[in-house]
Amino acid sequence: MGFLENQMKKVETLFAKGKPLAKLYPVYEALDTFLLTPGTKTQRAPYIRDAIDLKRVMISVVVALFPCIVMGIYNTGYQIQMASAAEHSWATAFGQGLQKVLPIILVSYAAGGFWEVLFAVVRKHEINEGFLVTGILYALVLPPTIPLWQVAVGISFGVVIGKEIFGGTGMNVLNPALTARAFVFFAYPAQMSGDAVFVAVDGFTRATPLAVAAAAQRGTSAVAALHQAGYTFQDIFLGFIPGSIGETSTLACLIGLAFLLITRVASWRIVAGCFLGLTAMSSVFYFLHGAGTLALFSLPPHWHIALGGFAFGAIFMATDPVSSSATDLGCWIYGVMIGLLVVLIRVVNPAYPEGVMLAILFMNIFAPLIDHFVVRRNIRRRITRAAAK
Amino acid sequence: MGTFTLRKGRNIRIKGAARKEIVQLPLPKQIGIQPSDFKGLKLRPVVKIGDRVKVGSPLLEDKIRPGIRIASPASGTVAAINRGEKRALLSVVVETDGKQEQEAFEKIPGLPSHLSREDVIRILLHGNLWPVIRQRPFSKVADPHDTPKSIFIHAMNTEPLAPDLDVILEGQQPAFQVGLHILKKLTDGELHLCTSGEAKSKTLTQASGVQKHSFSGPHPAGNVSTHIHWVDPISKGDIVWYIEAADVLRVARLFLEGVHVSNRIVAVTGEGAQGHHCYANTVIGAPVRSLLGGHIPSGMRCLSGSVLAGKDVSEEGFVRFYDAQVTIIPEGGKREFLGWLSPGINKYSFSRLFVSSFLRESERSLDSDKHGSDRAIVLNGIYDSLVPLDIMTYFLVRAVLAKDIEEAEALGILECDGEDFALCSFACPSKTDIGSIIDDGLALIDKDE
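Protein chains in written order, with this note's numbering: chain A, 7 to 395; chain B, 1078 to 1526.
No lab work stands behind these hints: they were computed from the structure. A couple of the hints might just be wrong.
Stated by the list, open to error - The calculated lysine-lysine pairs, modelled on DSSO-like cross-linking and capped at a C-alpha distance of 27 Å, are: (1) A/Lys23 <-> B/Lys1411; (2) B/Lys1411 <-> A/Lys47; (3) B/Lys1125 <-> B/Lys1106; (4) B/Lys1411 <-> A/Lys130; (5) B/Lys1411 <-> A/Lys15; (6) A/Lys47 <-> B/Lys1106; (7) B/Lys1163 <-> B/Lys1119; (8) A/Lys47 <-> B/Lys1388; (9) B/Lys1388 <-> B/Lys1163; (10) B/Lys1279 <-> A/Lys16; (11) B/Lys1140 <-> B/Lys1176; (12) B/Lys1480 <-> A/Lys130; (13) B/Lys1085 <-> B/Lys1106; (14) B/Lys1279 <-> B/Lys1289; (15) A/Lys15 <-> A/Lys130; (16) B/Lys1184 <-> B/Lys1261.
These figures come from a predicted structure and were not determined experimentally.
Let the hints inform the model, and build the full structure from the sequences given.
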């Protein structure tokens, strides 16, 4: 690697102190360490270090998102073909999906990246890899029809207000990608929700499964309503339904989950907690359902798991280590509460058929409080031990 | 009596273990005593350049408690008193004369059962051997005016490539037993002997008059903090003393023979010490170079102690006072093309983000490369599985960074030492020096008191 190393050294002189590009040193640094490992040596004990670094961790999350990205692109195209009753082919579906999705991903990365670089330059720190994940997560939870300027505005809000004003990566209270989505969701509801935004064909409307289930008559079966609207469990589980780009396929999310658990990047406690909480709460509603209850009461737990962005949220959003709970017990509580809240918002709050985003953001705020009580328990143990002598 | 099997922690298997064979090395031409080894002491030299010293003669003295002195491990002439910035004392170097003449001290033959606690303290101070006793919290040299609630004999080590106490203590049973008798007099509480579950040496297994505890499990099962935490944990206001098992022998011989023993068995380890891997019988303060036959290959990092808890003393450095190990590892710093993308068949990681994580674990060649840039802590869940104490590492670190002393104490910082978190620093993807942060917190608290 001698050649590349020498070339980078030459480039570095342009960014040296006193040179016109000195302020942009973080950009050079990011490129340099992207191409070549930093090669710094330890100065203090321990003198050997693990091969892992934050780049590797963040890249691995992006790798885990690959099934969702591929499936999202394909499904976007597939929905277009279904809506326009065009002849179906894998390749064209993929191509059409790519046309819609790629610009969203690129704009998300470009706009968010701009803010990342700006803050790194002003604060004189290195550019954080965390944005590689935020940028793609955000793109995957948007409807394919969203105007690109809204993509840019949303991610700007998420990065600046959701993360940087708290001090940057590692300091944020809320998940930046979800903060960005929440912003566009409330600022531009017409482009973010409803029946017209999830299939990228002008003038075409089709209610999402959750909207269908929410709109069903009181006392009727939600599953029957879904079947009537042409949604089968298989389609929902595999992800061949209208929805936000990357979150429709529960299967793709589960493949990503397997990767995250094998590599131990995500907390299994949080994911398990989410699924447990959701199953428990939806079972309660399921057993309560009767003639006078909302139709969503009758939706069995496995449908709840497959519907909406639950799997995506539980696996990729709730597990963000910075904004989630940092204690083992806390992770369980945090996860279970998200699961409970998702069902609660879906079933009893007719204003928001989808509750995943709000449930996670809500628990993000509570995570420090949960940790506080877990930590107090540890402190109390120590006081009891001292007093027992 | 207790048997503790710990699950948290991790052993790092690196190349370069010492052969279990004690090799007598010639007396080095120079020895060096470094004041930075003695936490809690403010040392000033009591010798001048050119002064003649014997083994056991004082070289340095504590300014605050003048009775505490550091002895010369060799006879000869004071060759240099090295000072650094702001005249901070770096080292006192003695040119050896090869005679190893002994300073004569009071001799107490037989079992010293008639001695009082005051007698023992007086003889240890007088024999310039007091600094072998350290205290927790703060890991500093013990204060003779304190009364510890218990004393721990540190008779195991789980650091990477650490010396095996069985080898060092083999055949020393009578002296070790006398040493235990003497130390028992220093406390009204218990004397705890903490050994490895696999200890075989009779010196350890047949020791009597002590509470014996055996610890099994991965590193840091052998750390002093781990032993204290599980056997007799300390709270605010408690003081516990501890001493290395090898130093118990020196205590015994000071009483029995009236001599200040300065020899030390040092395990020579690490990939860079190829050809010299053994247990070297040398003296305290020996130059690292002398353990490697006078020649250190280029591009090596010379550590006194282990890769996890040691200190970079450089090629010209001396073995630290409390260390019984040197580790020589290759320097890192090679830059790799698109390293974040490589499958990593040869990478060593606790995580499972490399192909190597799924291969059979074998002895690794690890260098001093940091493998990444400094970042804010993101993965905060990895620390607790590496610390076998009831300590919430991430929250303790946050309390220290916020300089919230009260919270740090409530979270148990007084039970810890930076070395207990070496594995956390090792495994942190953000390359956070957890151990240094804890040490800084302890220093801050110690200064306030």
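Check each numbered hint against the structure and report the violated ones by number, ascending.
As far as the earlier hints go, 6, 10, 11 and 13 are violated by this structure, in ascending order.
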